[in-house]
Amino acid sequence: MTHADWIDAHASGHLSVAGQSIPIVTANTVVVGTGAAGYCAADRLVMLGQRDVVMVTDKRRAGASRNAGSDKQTYYKLTLSGAEPDSVREMAETLFSGGSMDGDIALAEAAWSPRAFFHLVESGVPFPHNASGEYVGYKTDHDPRQRATSVGPYTSRTMVEKLEGRVRDGHRVEVLDLCRVVDLVVSDGAVVGLLCVRLDVGADHPSRFLLLRCTNLVYATGGPAGMYADSVYPNGQWGANGAALRAGVHGKNLTEWQFGLASVHPRWNVSGTYMQALPRFVSTDADGGDAREFLGEFLPDYGDQLTRIFLKGYQWPFDVRKAPEGSSLIDLLVYQETKLRGRRVWLDFRSNPARESFDASKLSAEAYAYLEATGVTELRDSTPIQRLQHMNRPAYEFYLQRNPGVDLETDMLEVAVCAQHNNGGLEVDQWWQSNLAGFFPVGEAAGAHGVYRPGGAALNSGQVGATRAASYIAQARRQDPVDEGTFAAAASPVAERAASLLKDASARAASGPDSTDELLTHVRRLMSDKAGVVRSRESVAEAREEITRLLGEYDATIAADPESRRSVSRLFLIRDILTSQYVYLNAMEHYVDSGGLSRGSVLYTDPEGTLPTVDAAVTAELPELFRLRLDGGKLDDVIQVTSWDGENAPEFSWRERRAVPEQTEAFENTWRTYRENKNIG
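Take the sequence shown: its letters are residues 1 to 681, numbered as in full-length UniProt numbering.
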């Protein structure tokens, strides 16, 4: 049965709007998104007895969970091996110490990390254990223990595939593909449904839209990846935060992004072994000519340069605290080549930095000890590709197997500093419910993290958040959706606006060119150039003014070909991206105006700051754009909250972050209340 047939067979009714007969599918819970968090939520709902679940997605095989990774993609959890002491409270404090993170969320992520982890194990994700059954770990960034684990470069993909098998093949939950989010349907402060544009039907179908009437909406749409052009998010991962923000869902820490070095074709994180193999950094002109090494301009000392490249491996995301004297200076030098000098940057694994023979003795003691333990120091006159293949041959084979493939033995790999993860997002409580009743953002859509987080914490957060949202729904929100009349009253104006946008954009395309591709390219490039890893009050204001204008005139100017499903999809996608950019840029302005300084993975240009330190012998000067003052944790105890009514300018406030709860109740008391309501509420 096709999705169209399923919708026709299961529609509980239709809403007639502007010549469209929109089918309505009704369920207690609709899960949006088919990544690791979305499938986990659906799986948990059925396991907990709530079988009235439908999933929708714009493209089932797209998304970051299924298509993103690194040389050894990390999953973060409580320590489950060895003699090293650990506790739920200690892990919560680690997460909480990242700054601007709510303590109740930190405690929940720590407490339920074993539950989430073992659910994945029992689902078939092959996390390694030793002969005694201990699930061994290793140390990741911002991690005082060895809580990290991995199944290789495709950890999150494996999670998706195993959970998908449980949901689709085991539970037989319907997954409606090719349905892009348009808008939430809201009534009296609660979500009551969702409007999607259907990409599985053409202009001759009775309706290009689908309405879902529900009590709960689990929003596993991923981060707002479409905002940036320079992005390591996989193609097809766009996000849908704009629809939630338009509906009045609060934003949290929207300014906090992670940026890091990534290859451009294909999009992939060049962390871990790619850096620890110590490749040569090469800059060329736009056509690939005029090749030259550029790190030596500011890092002339051979040992210092190699050590910083090595450290870039496990200090991978750009960390502004490591820009003045650490590995993140490399990110800034790459940024200077690409953004300020208009050149392209490549990793060359064929020859050593400075074209010198490899001399491991010049490395720092930390770097030397690591390479000695791997046997690299025994490789005489080795090249980066030999070291990479020795330490992690699958990392070499990954690029070889891409389409189009890149053979690192013969080809250079183009890289840039790219958007990688939004640590902020939509505000949630400890059960991952937003300020809008029944609306549960999970995964990267949720603003569950602080300014900093341990590597792999996002995968744990997505599983814990999905489990807690499902637990809350199964215990406290099992009621039927609102009645048909109430739903029609709330859905009609939402559907009318969408139908009008499609009709008017189609009419403009009939007399002129389709403008969706050009506009999408423009707004994403604007965001990367003005509000990326390096930004200033002035550059953010310039971007905000342009995005405000484009969003304000969007309905009256956009042209989309109704015969092209891609164009119709992008008609609503661009609107969502513009909405997100508008709110996020306003949040960035508010952050700076509140005295916010450089922190996390963002450098805010500050005329009163200092330039990163380089070798005293260097006569070249870094650009004034890199002048900064570190935040020093002064805003760690507060959280920026964003609210918007969809019409007027967004409003912002600072609130104290919630502390890590002190759980001191006697067992008998906890047991009694658990029997009453599972301690949910």
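Do not take every clue at face value.
[To be verified] Calculated cross-link-like contacts (lysine-lysine; reagent style DSS-like; alpha-carbon spacing at most 30 angstroms):
1. K139 - K678
2. K139 - K162
3. K139 - K503
4. K139 - K339
5. K678 - K162
6. K503 - K59
7. K339 - K322
8. K59 - K322
9. K59 - K162
10. K362 - K322
Simulated from the structure, these hints should not be mistaken for lab results.
Assess, step by step, whether the Cα of K139 is no farther than 30 angstroms from the Cα of K678, and give holds or violated.
34 angstroms, violated
Taking 30 angstroms as the top limit, are the C-alpha atoms of K59 and K322 close enough?
Violated, at about 38 angstroms.
K139 and K162 were given as a pair; does the straight-line alpha-carbon distance stay at or below 30 angstroms?
26 angstroms, holds
Does K503 pair with K59 here, judged by a C-alpha cut-off of 30 angstroms?
Holds, at roughly 24 angstroms.
Under the criterion that the straight-line Cα-Cα distance not exceed 30 angstroms, is the pair K59, K162 satisfied?
Answer holds: K59 to K162 is near 18 angstroms, not above 30 angstroms.
Checking one constraint from the list: CA of K678 to CA of K162, max 30 angstroms. Satisfied?
OK: K678 and K162 at ~28 angstroms, within 30 angstroms.
Pair hint outcome, K139 versus K339 [Cα-Cα no greater than 30 angstroms]:
With a Cα-Cα distance of about 33 angstroms, the restraint between K139 and K339 is violated, given a limit of 30 angstroms.
Taking 30 angstroms as the top limit, are the C-alpha atoms of K339 and K322 close enough?
Holds, at roughly 20 angstroms.
Please verify whether K362 and K322 have alpha carbons no more than 30 angstroms apart.
Distance of about 21 angstroms is within 30 angstroms: holds.
Take a quick look at whether K139 and K503 sit within 30 angstroms of each other, Cα to Cα.
Cα-Cα ~55 angstroms, so violated.
Of the hints listed earlier, those the structure fails to meet are numbers 1, 3, 4 and 8, in rising order.
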